[in-house]
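S.K.: Add chain B to chain E, keeping to what the hints say.
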Amino acid sequence: MSAIPATRWSKLLEYAEARLPALTRLKRAETLPIHLDRHRIYVLPTRFGLIYSAVLIVMLLGALNYNNNPALLLTCLLGAASYQSVFQAFRMLNRLDLHALRTEPCHAGDPLRVSLHFRVHARRRQSLRLQAEGQETVFDLAADGAITIEFSAVRRGWRKLERMRLSSEYPFGQFHVWSWLNPEFAALIYPRAETNPPPLPRAGAAAASRTVRMSGDELASLREYRPEDPQRNIAWKASARHDELLVKEFELRRGQEIVLDYSALHGLAHEARISRLARWVYDAETAQQPYALHLPERRIGPALGTEHRHACLRELALLP
Amino acid sequence: MNLKIGKPLTQLQFGLTAASVSVAVLPHLLRMPWLFVVPILLVLLGRCQQRLRGGMPIPAWAKLPLVVIFPILIIFHFGTIFGRAPGAVLACAMLVLKLVETENRRDARAAVCFSSFVLMSALLFDSDLGFTLLLVAALCVFLGALRELESDRARTRAWQPALQEDLRGGALALAAAIPLAVCVFLFFPRLGSPLWGAPGDTTVRTGLGDSMAPGTMQELLIDDTPAFRVEFSGQAPARADLYWRGPVLWQFDGSTWTRPERLASSPAGDVQATGAPINYEVTLEPSQRRWLLALDVPLTVPDGAVRGADMSLVNRAPVNDLLRYEMTSSPHYVLEPRLSAEHRRLALQLPEEFNPKARELAERWRMQFRDNAHIVSAALQLFHNEFFYTLNAPLLARDSIDDFLFGTKRGFCEHFASAFTFLMRAAGLPARVVTGYQGGYYNRTGDYWVVRQSDAHAWSEVWLDGRGWVRVDPTSAVSPQRVQLGARAAAGETAPWYQANWLVAARNQLDLVNRFWNSAVVQFSALRQQGLLTPFGVDKADYSDLMTVLIGVSTLLLGLFAWSVLRAPRIAYDTLDVAYARLCAKLARAGAPPRPAEGPRALAERVAALWPLHDLAGLLAVYSTLRYGFAKPPAGEVLAFARAITSLRLPGVQPNALSSATQ
Numbered sequence: 001m002s003a004i005p006a007t008r009w010s011k012l013l014e015y016a017e018a019r020l021p022a023l024t025r026l027k028r029a030e031t032l033p034i035h036l037d038r039h040r041i042y043v044l045p046t047r048f049g050l051i052y053s054a055v056l057i058v059m060l061l062g063a064l065n066y067n068n069n070p071a072l073l074l075t076c077l078l079g080a081a082s083y084q085s086v087f088q089a090f091r092m093l094n095r096l097d098l099h100a101l102r103t104e105p106c107h108a109g110d111p112l113r114v115s116l117h118f119r120v121h122a123r124r125r126q127s128l129r130l131q132a133e134g135q136e137t138v139f140d141l142a143a144d145g146a147i148t149i150e151f152s153a154v155r156r157g158w159r160k161l162e163r164m165r166l167s168s169e170y171p172f173g174q175f176h177v178w179s180w181l182n183p184e185f186a187a188l189i190y191p192r193a194e195t196n197p198p199p200l201p202r203a204g205a206a207a208a209s210r211t212v213r214m215s216g217d218e219l220a221s222l223r224e225y226r227p228e229d230p231q232r233n234i235a236w237k238a239s240a241r242h243d244e245l246l247v248k249e250f251e252l253r254r255g256q257e258i259v260l261d262y263s264a265l266h267g268l269a270h271e272a273r274i275s276r277l278a279r280w281v282y283d284a285e286t287a288q289q290p291y292a293l294h295l296p297e298r299r300i301g302p303a304l305g306t307e308h309r310h311a312c313l314r315e316l317a318l319l320p
Numbered sequence: 321m322n323l324k325i326g327k328p329l330t331q332l333q334f335g336l337t338a339a340s341v342s343v344a345v346l347p348h349l350l351r352m353p354w355l356f357v358v359p360i361l362l363v364l365l366g367r368c369q370q371r372l373r374g375g376m377p378i379p380a381w382a383k384l385p386l387v388v389i390f391p392i393l394i395i396f397h398f399g400t401i402f403g404r405a406p407g408a409v410l411a412c413a414m415l416v417l418k419l420v421e422t423e424n425r426r427d428a429r430a431a432v433c434f435s436s437f438v439l440m441s442a443l444l445f446d447s448d449l450g451f452t453l454l455l456v457a458a459l460c461v462f463l464g465a466l467r468e469l470e471s472d473r474a475r476t477r478a479w480q481p482a483l484q485e486d487l488r489g490g491a492l493a494l495a496a497a498i499p500l501a502v503c504v505f506l507f508f509p510r511l512g513s514p515l516w517g518a519p520g521d522t523t524v525r526t527g528l529g530d531s532m533a534p535g536t537m538q539e540l541l542i543d544d545t546p547a548f549r550v551e552f553s554g555q556a557p558a559r560a561d562l563y564w565r566g567p568v569l570w571q572f573d574g575s576t577w578t579r580p581e582r583l584a585s586s587p588a589g590d591v592q593a594t595g596a597p598i599n600y601e602v603t604l605e606p607s608q609r610r611w612l613l614a615l616d617v618p619l620t621v622p623d624g625a626v627r628g629a630d631m632s633l634v635n636r637a638p639v640n641d642l643l644r645y646e647m648t649s650s651p652h653y654v655l656e657p658r659l660s661a662e663h664r665r666l667a668l669q670l671p672e673e674f675n676p677k678a679r680e681l682a683e684r685w686r687m688q689f690r691d692n693a694h695i696v697s698a699a700l701q702l703f704h705n706e707f708f709y710t711l712n713a714p715l716l717a718r719d720s721i722d723d724f725l726f727g728t729k730r731g732f733c734e735h736f737a738s739a740f741t742f743l744m745r746a747a748g749l750p751a752r753v754v755t756g757y758q759g760g761y762y763n764r765t766g767d768y769w770v771v772r773q774s775d776a777h778a779w780s781e782v783w784l785d786g787r788g789w790v791r792v793d794p795t796s797a798v799s800p801q802r803v804q805l806g807a808r809a810a811a812g813e814t815a816p817w818y819q820a821n822w823l824v825a826a827r828n829q830l831d832l833v834n835r836f837w838n839s840a841v842v843q844f845s846a847l848r849q850q851g852l853l854t855p856f857g858v859d860k861a862d863y864s865d866l867m868t869v870l871i872g873v874s875t876l877l878l879g880l881f882a883w884s885v886l887r888a889p890r891i892a893y894d895t896l897d898v899a900y901a902r903l904c905a906k907l908a909r910a911g912a913p914p915r916p917a918e919g920p921r922a923l924a925e926r927v928a929a930l931w932p933l934h935d936l937a938g939l940l941a942v943y944s945t946l947r948y949g950f951a952k953p954p955a956g957e958v959l960a961f962a963r964a965i966t967s968l969r970l971p972g973v974q975p976n977a978l979s980s981a982t983q
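Chains as they are written, first to last, in the working numbering: chain E, 1 to 320; chain B, 321 to 983.
Hints may contain errors.
[Said to hold, decoys possible] Per the computed footprint, the stretches of chain B lying under chain E, defined by three or more beta-carbons under 8 Å from a beta-carbon of chain E, are:
(1) 429-440
(2) 453-462
(3) 488-498
(4) 840-852
It is worth saying that the hints were derived from the structure and are not from the lab. Every residue, glycine too, gets a C-beta built ideally from N, C-alpha and C.
Next comes chain E alone, as it looks inside the complex (with noise of 0.2 Å):
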């Protein structure tokens, strides 16, 4: 299909969803818990239950005009058996709750594992289909519980995930059930850390010679609070007798801190920069050394730490 075409076609699903939001499948992104019902659920026959209720006309008629009751009464039977799994197979979405979506960050060439957790409100839930993104997983849902998808994550930053479609063909393949989902909900992809990296920057004087604060170990005053500030570290009772919140600041005892700058990386790209300062966090980490992230615009701790870390790794991942 040429890029046109689709464009046009999408534009008019869009028109449509406007007008007619009931009816076109064209969800917009909704906050959890999203819950499948009669409102939502779409439901055609499969080419194969097509041909099977050819095959029923069939027997039909044989049967009438045979004149032969036993035959019509078996094909009867068949065939009310087959159109009523279309109820059969709407109650494998109906009542289905989506209500969370869990994931861990990853790095971007790595594979996002989005795990997809479902109520099913005691009901079994059986084949059903879930398409995400040109892949398909099959699962059963015995009980509330959840599926992991694998997503591809190429870039850094907010990764948003396209609608997926939720299915199945159960019990016997003659009907199609469906829904879309599209759950507002972006994954935080970490930029890719350079695989052979130059070492970490010594400590440098400039960092020596500044007299900042480090987060460390020994208690050493108060400051004002600032929004990256950690929870804990909070003095809530002097907090109490003051207007604003205050931080407690700890003094790092020992060593000194490396500065991971991203002006001092003269003769890279920019996602180079961004890739080998994410692998230079990991690496001091490795180190035990506290270190310093500078950009452009922040500049974070020194400290160190898995908060530190994460922290660190989200600035980098969102640079323009």
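M.R.: Here is chain B on its own, set in the frame of chain E:
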């Protein structure tokens, strides 16, 4: 998409598909020539064996000869490929070949789909209740197979539970389908006339033939399928008087009795009823023959039939479907008091060169007795004294009557009737053989008689001057039980094992179900359908009436189904929460409503002092323990708490007490 279709089948999926094909083909195999049974079975079993052992897909060069060879065999055997029987064989062969090439889900589904067609076509050959029920059970296998094809469980789980679940699911789906199926069955308009070629059934069924040679009836006498059923509108005659008249045989060529064709068109002989007529209704099973059975001697002629000169009823067309007709008969009659010359000649005809000893005996009687009636009694006396009734009659030589009368001396109705008629003719009395049925089984529950093929009988009629044709049953002279109790009782030990008494009794009771099946389902015709709406004021329901009712009722049924699926389920409220809410409501009514952000402990602190006589603090402590102390609070204690709340009576408090307590 292609990837999904191309996924190879699991063993269970293939097994269920093969089972579907087998249950569809098996009913056909029972009536198929061996020429086809063997190759079809070989291909079916071979393929299952090969696939379940994990064999590779069958290459095209191996499949091609199979595809060609079956049509060739069919044309070789039937001469054509069209028609019901060759068509059924072809369908079975093609279905089995489909299984040979079944490797993925799409193939398997096509096989199951086609199986249902083949299964249904089996009912075009035989539609009794047991058979139909078996085929309905086979539908469970189809639906189970479709379920399994839709799920991939067997890839990860053991196959036995999966199989059980599939079959149970199929059976449940069928059970749920019954109301809708019955509705469609009742109201779907039937065709007045067939859309294409009138169905011609070529299968041979056992039944009365239009000739009788020694041994022809033996097959009938051990066949317990019902021949027809009778409902009398008044008192039924005694069992010994139930002679159901069938073809009358005149011509004897030394071994075989046959019926002269021209008698069918000659006018009926005159008959005078001398007793009260008996009215009854006969439901004749399809026999593929033209005979209609009636109680001796029929006074009326059903529509579409003629009564021959010999009082036998012949239908214009072979009876291919269940046929119901009203009859009136008279057990006492004078039949043809004046015998026409032609009938006399026919009734005395004998082949010249056969049975000299029997002729000699008859000549002797003729010399001996003046009165013809004495000749009859002499012959009966002879049978009574010297002959035995047995179903295992020995084979007879060329002079069959001589051999029987003077040699073997044992046989059953046809031997006696044949020998007796021969003797009478040889003695100069006009006589003929009448075949039909004798007796029947009275089903008390359904108040009707069922007459089986094993009740087939042959007797004689002798023309006596002044009395017309008189029925003489030589068998009853030999074995009175035959007439009073039936052929089975007369046969004694010689009856085959499956005619054991208890088995026959059970079958006779079960016949009630068959009869219901016949009248309710098999015979439900366009005519009956028209009368279906009579109770609702529609005298003759036409096409549009039926369609309206069909659409209305099925919509109603589907609506019920939809409602049961869509309705909001009852929320299972938590007993503990309900009890706590009731406590809060009681507090509010008494004047101390809990505050929005108040937990049980805070509430207890606030209200305990207001009602010192009631242990509110204790109750709320119990609630806290139950609610927060367990992952799942013990049911007994929850109930006790709920009961305590129910029995709690709180007197209203003064507003000032309230305000002092809240400070």
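S.K.: Each hint needs a verdict: does it hold in this structure or not?
M.R.: Results for each hint:
no., hint, in the structure
1, 429-440, "holds (count 8)"
2, 453-462, "holds (count 4)"
3, 488-498, "holds (count 6)"
4, 840-852, "holds (count 5)"
In the structure shown, no violation is registered for any of the earlier numbered hints.
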